[in-house]
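K.L.:
So the protein lines, in turn, are chains A and B. Under this note's numbering, the first residue of the first sequence carries the number 1, and numbering increases by one thereafter. Under this note's numbering, the first residue of the second sequence carries the number 1001, and numbering increases by one thereafter.
Derived by calculation from the structure, the hints in this document are not laboratory data. Some hints could be false.
Calculated cross-link-like contacts (lysine-lysine; reagent style PhoX-like; alpha-carbon spacing at most 25 Å) [said to hold, decoys possible]:
1) K1344(B) to K447(A)
2) K83(A) to K122(A)
3) K16(A) to K1027(B)
4) K1027(B) to K392(A)
Predicted model, so just to flag it, every value in this text is computed and none were measured.
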Amino acid sequence: MDQALLQVKNLSVAFKNEKVVDAINFEVYPSETFALVGESGSGKSITALSVLRLLPAAAHFSATDITLQNESLLTITESNFCKIRGRRIAFIFQDPTSSLNPVMTIGDQIAEVIQIHFNLSKTEVKNTVFELLRQVEIPVPERRINEYPHQLSGGQRQRVMIAIALAGKPDLLIADEPTTALDVTIQAQILSLLKSIQAQTGMALWLISHDLALVSNMADRIAVMQNGKIVETNTTPLFFKQAKHPYSLSLLAALPSMQSCIGKTVEFVEEQESCLLKVENFKVYYPIRKGFFKRIVDHVKAVDDVSFNLYSAKTLALVGESGCGKTTLGKGLLRLIPHTAGRVLLNNIDLTALTGSTVGKMCSEIQIVFQDPFAAMNPRMLVGEIIEEGIKSLHPEINIEQRQQRVRHLLQQVELPQTAVLRYPHEFSGGQRQRICIARALAVEPKLIVCDEPTSALDVSVQAQIIKLFKNLQQEHGISYLFITHDLAVVAEIADDVAVMYQGKIVELGKVEQVLMHPKHQYTQKLLDAVPVI
Amino acid sequence: MVVLWTDALIFILLSILVTFSLSVRKKAHLQRPIKKIVTSKTAMISLLVLVFFVAIGLLDSIHFKSSETQTDEIISLLDYWATPIREQSEKTYSAPFSAYSYSKETLTLANGSTQWGYPRLTFAASHLKNPEAELLFDVSKKALSGFCKGAGLVIFLSLLLRYFFNKKDLSLTHKQTIKSVWLVCFFLFAISYMLVELSSFYHVLGTDKVGEDVFFQAIKSIRTGLVIGSLTTMIMLPLAITFGIMAGFFRGWVDDIIQYIYTTLNSIPGVLLIAASILMVQVYMANHAEDFNSLIIRSDMRLLFLCLILGVTSWTGLCRILRAETLKLREMEYVQAAQALGVKPVVILSRHILPNVMHIVLISVVLDFSALVLAEAVLSYINIGVDPTTYSWGNMINSARLEMARDPIVWWSLLASFIFMFSLVLAANLFADSVRNAFDPRRTEETR
């Protein structure tokens, strides 16, 4: 192999006494794609930031050497380092929405980088900006150049971020989870764009990701990071053929696979008797008001005429991209969002017609588990209080002792220690918090739980555990799930039936194997194509 | 025994605070934040200073009719104990620890001739024959003996406490904290004892224009400051909190009405409202002279009304902030989860929204507390503050204001009110800060 472009020797970063990056060594070679893979908190982003000297002030940093093309980066003064950042090493952050300045046009934001690093005239700068926008395949750059970030879609924003990164003509592009905030189809587009740009410019790409499937399609070499240490480095084909380290193996094992739906026992379902939830012509419209009197001129059809059946002790997965109305549908069923029309029959009782005290009874039948376990719990309440809240409000007749016993039982069911009762949510990890949320939903003994992307904020290994927990609970209690997700691999793992949603409508509905293996609708086909497969 | 309106309210507020803190002590999950407050040096020291201030304020809030004088004057316990300082007033200004007046006048000497010079003060340092030579020695001697007496008292009391409470009761806190709290306690008591001792012979902080002791004025002002700070807050808080979180949570017409109310209130100049209501009270009192037959009752009524109107005009700012915060919080998923569990809106407001806006309430209450003490000074300046006969830091500053231009300058009134106000507001700020840190579960890890 040729000379390494970036070479890192013995890099360590510590916060107070806690080592987050522990004596790691790696190289990035010119025009290769190097992927650093690990779960959240393994120190992969900190590694990238420390190479660029962007660490927070509280961090203690030490390294034997960091070289860029045989030039040590450790001895360079801060003012000279500015000529490396953005020029020779560029950086793409995870969330394009928060990395772009909302009050500057995207043209100005790209031009800023060019003006800093190159001495060009105004027209030359403008031409370069056009060139860059064309390079990242943004349609109609003449118009886009004067638009603000909020006028662009998520995918286009990330393209602008890439254009900004490319503006300095870098030798090395660091992409920190560049597609995590994006939809699957957009993710596929951005990745292929990165690939083609790399082929054009010959720069090296250092990809940081938690997603092994994505990395397998992109990277030439893979390094796996665990608890601040690089545990295994290998070329991609060899890694997937013969990973050696137990952690790499466990990561590979935890990956949900599309094939897992094949051969699922398709039991005969007696349509009428076991039908738990029947949704008929469900609609949620948001009015668009205009003019002086706020007249309703039109509607945003978030959920448009949706009908489906959900059988008891079965899981229906609701799949779609962000903005397709799947979360609105889930919350609409629980009456957290007012619906416009349609009927929701739970055990042949129309939930939409309920008023007053009977609503409470319905609450104990349907529960919800949210996507973000960090926002889903009141930070000022103890875990015990959080879990018993539903029992208190729906079953006030249960006395304190029985209630506490029930809370302990619930904690046991979701595999959490009994001592959790007197602790606060922030003391738990993401996966543990999601378990608490599940316990809270289970507390009122529901027949149906709406799971709104319950695993997408979690690491792969934790995700596998939570899915296993969901499955166990279904077997034990006969609970049905309406499983809202964008991740088709998770669908394959857990679902019995799949409904694919697109722009407020269900475009395909069927058994999981049939939908995932033999899709009929072209949108389903497109979704499936975009999923990275190992 | 005479109970004034503000006295009653102060004691009600105190009893609420005491019952609240007693009930908090029993809760299992609150043990950790309490322990954090108890072990924090800053919190305990500022609490000590606050308690000291409050104790003086309370002493000053127990009123009775004086039996010694015929005039049926209503005095407080503090007045009673400080009778010598209260009644020994000089002719006019005198500097701290001075034996002479601050302004020259014609003196009649022993031999009958007259002389233009500084006269001896009537009360201060009257026991000295030759002040020039003896003053320094006498002051240091009396200071030392006062300090020693106070120190002796503290040591005696702490030994007594130690005898009655065994060491287990103190295991809640650190040794370091006990040590520093004891040290502060020691100096606080010894110095105050020293000042009290000195006050019976000298004017420790000088005298004002009409010859009243400034130290006594500053001490009497503590009650006024506490009343204005706490009663106003007590009126303002319920309004701000209920309206703020209701407007944010329910939105729609509730929000509209509440927004209209506070926008209207905000657009009326506050000073105008205050002036109008103070005038109203004065007219009322003039028409019902038989009910307000004493000077102190009249000034108390005026103080109460000032608190009331300040409270009514000052809730809008906090209300607006709370509304905005609630708008943010109501979209949080834990609020939706509670809705899905069928929890009633009132319970959601009190269990999920209120605790999560409490840090904002605490910060703005402390900031408002100091702002209110200062606002009182400004209002006194345009004569719509507290009654001119009420002792308050505002009145002290107001009267000292003109003397700043005088040569030689009269600085002690201003300095005295500044020191007292500063230490009260600082202690309140520091204590509120540690309380907020202790009760925020997310912060426990950072400071561990």
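K.L.:
Each hint: holds or not?
P.N.:
Here is what the structure says about each hint:
no. : hint                : in the structure
1   : K1344(B) to K447(A) : holds, 22 Å
2   : K83(A) to K122(A)   : holds, 21 Å
3   : K16(A) to K1027(B)  : violated, 33 Å
4   : K1027(B) to K392(A) : holds, 19 Å
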